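K.L.:
Sequence:
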Amino acid sequence: MNRPLFTLVVVLTALAGCSTNSIYQDQPLVAKVDTGMTQEQVRQIGGQPLTVSDRTAEPGTCFDYRLTQSGHQQAFNVSFDGRGMVDHKSFMTCAQWSNTQLKAREPSRAGGGGGY
Numbered sequence: 046m047n048r049p050l051f052t053l054v055v056v057l058t059a060l061a062g063c064s065t066n067s068i069y070q071d072q073p074l075v076a077k078v079d080t081g082m083t084q085e086q087v088r089q090i091g092g093q094p095l096t097v098s099d100r101t102a103e104p105g106t107c108f109d110y111r112l113t114q115s116g117h118q119q120a121f122n123v124s125f126d127g128r129g130m131v132d133h134k135s136f137m138t139c140a141q142w143s144n145t146q147l148k149a150r151e152p153s154r155a156g157g158g159g160g161y
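First residue of the sequence shown? That's 46 in our numbering, and the numbers climb one at a time after it.
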């Protein structure tokens, strides 16, 4: 993973966690799903996902879930690499996660450029 993408992922995950982790930290998907787990292990913990989609930024699959706690609902995704192993989870939808990855890959517009 390149450095800018990694930094963006860490920042977004931290920001998402600040506002929602305290409410949902005891939810099984949040507390028990770890990097390297299989899709079947995740299903045993969280049940059938709302949707299963192919990832667009990198090969793999993504599960969308909706967490509910004290009348609040929150999107949550578990993302799997091309081998079917968890490589990411976050408080956003699979589409949002994919969009974040794609934007992180766009070339920087800083630096002007011009080349007259």
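Everything labelled a hint here was simulated from the structure, so no lab data went into it. What you are looking at is a predicted structure, and each value in this text was computed from that prediction instead of being measured. Ideal Cβ placement from N, Cα and C applies to all residues, glycine included. Mixed in with the good hints there might be a few duds.
[Stated by the list, open to error] Pairwise CB distance ranges (calculated):
#1 79 <-> 147: 17 to 27 Å
#2 84 <-> 114: 36 to 46 Å
#3 152 <-> 85: 15 to 25 Å
#4 76 <-> 126: 20 to 30 Å
#5 130 <-> 101: 16 to 26 Å
#6 152 <-> 88: 35 to 45 Å
#7 128 <-> 77: 16 to 26 Å
K.L.:
Does each hint fit the structure? Answer for all of them.
P.N.:
Status of the hints after comparison with the structure:
1. Hint check: residue 79 to residue 147, Cβ distance near 25 Å, so the stated range 17 to 27 Å holds.
2. Residue 84 and residue 114 have their C-beta atoms about 24 Å apart, which leaves the hinted 36 to 46 Å range violated.
3. For residue 152 and residue 85, the Cβ-Cβ distance of about 39 Å falls outside the hinted range of 15 to 25 Å, so the restraint is violated.
4. Restraint check, residue 76 to residue 126: a C-beta distance of roughly 22 Å satisfies the suggested window 20 to 30 Å.
5. Distance hint check: the CB atoms of residue 130 and residue 101 are about 19 Å apart, consistent with the given range 16 to 26 Å.
6. Between residue 152 and residue 88 the beta carbons are some 38 Å apart, a value that agrees with the proposed interval 35 to 45 Å.
7. For the pair residue 128 and residue 77, the beta carbons lie near 20 Å from each other, so the given range of 16 to 26 Å is met.
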